[in-house]
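Just so you know, the sequences run in chain order Y and P. Quick note: the first sequence uses the numbering used here, first residue 1, plus one each step. Quick note: the second sequence uses the numbering used here, first residue 1001, plus one each step.
You may find that some hints are simply not true.
Straight line, CA to CA, 27 Å or less: simulated DSSO-like cross-link-like pairs of lysine-lysine [what the hints assert, rightly or not]:
#: 1; chain 1: P; residue 1: K1120; chain 2: Y; residue 2: K33
#: 2; chain 1: P; residue 1: K1142; chain 2: Y; residue 2: K33
#: 3; chain 1: P; residue 1: K1140; chain 2: P; residue 2: K1078
#: 4; chain 1: Y; residue 1: K33; chain 2: P; residue 2: K1078
It is worth saying that the hints were derived from the structure and are not from the lab.
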Amino acid sequence: MMLANNPFERRLQLAGIFLILGLLVEAFCLVWKGPLAFLLFLGLGGILLFAGIVVYLFSLVSIPHAQD
Amino acid sequence: MTVPLTLLLILILFCILLIAALFVRPGATITRAGKISAFLILFCLPILCMSMGVSNQLERSTSTEFCLSCHTMEAFGKSLHVDDPSYLAAAHFQNHRVPAAEACYTCHTDYTMFGTLHSKLRGLRHVYIYYLTTPPAPEKIKLYTAYNNRECLHCHEGARSFESGAVHNSDADLLPAIKANKKSCISSGCHDVVHNVSTLNNVKFWNGEK
């Protein structure tokens, strides 16, 4: 699937990719029981979700608003 | 309160579907409603899922099953089934003086303001030792610090059997010393047989409960 040409929309899509990956890791770790799942959940899942949210927030402030 | 796992997984799936829809149609965020939806989908829902997931994982990490999932802990799990009331951990586990499903955590957490956090940090250290170094043999595993009576007193303080027990009152200084953590509950001559995993080859086991 192609990313959008518009920089704002492209960043939204990038945030979406990170968030979907983070949520998939989270779901996987919730099904898999054990100490490593706990670490993976906090480590990889947390980082991916954090990255997704940061990219989304960054997209809000980095693109000049149409009305500006 | 922990959300049931199935409900949490459904929420995560729902969140993934919404993000996927936004991924396919990012142009939908042009309108005000689209912007609000994007904020909910890309910010609020993932944070909600993550926090509920963390809560679920933390709750799960207090389970006996979780603690005993490491091979090194097997002997300690076995010691809970020793058919001898002098084995402190076994007596507590078998008589439900601690919740059987959270037996390890109940005795090995710190009953302080940040006790749960300290327990998790110790757990991380355990994981590091287990996966990245050579874990010691079960009989060589020791507590990082001396066992604090505070953990015992969390349940036993004020209990009749503890406060009025003949042995505890045999010496007027004993109970105050126990409560001040000056005399350890598991000191020699008192409740000094706890897990004693090195003796498990010579004991009988009770199989009344898994």
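Verification of the hints:
1. K1120(P) x K33(Y): holds, 16 Å
2. K1142(P) x K33(Y): Since the Cα atoms of K1142(P) and K33(Y) sit roughly 26 Å apart, the hinted pair holds (cutoff 27 Å).
3. K1140(P) x K1078(P): Answer holds: K1140(P) to K1078(P) is near 16 Å, not above 27 Å.
4. K33(Y) x K1078(P): holds, 20 Å
Hint violations for this structure: none, all hints satisfied.
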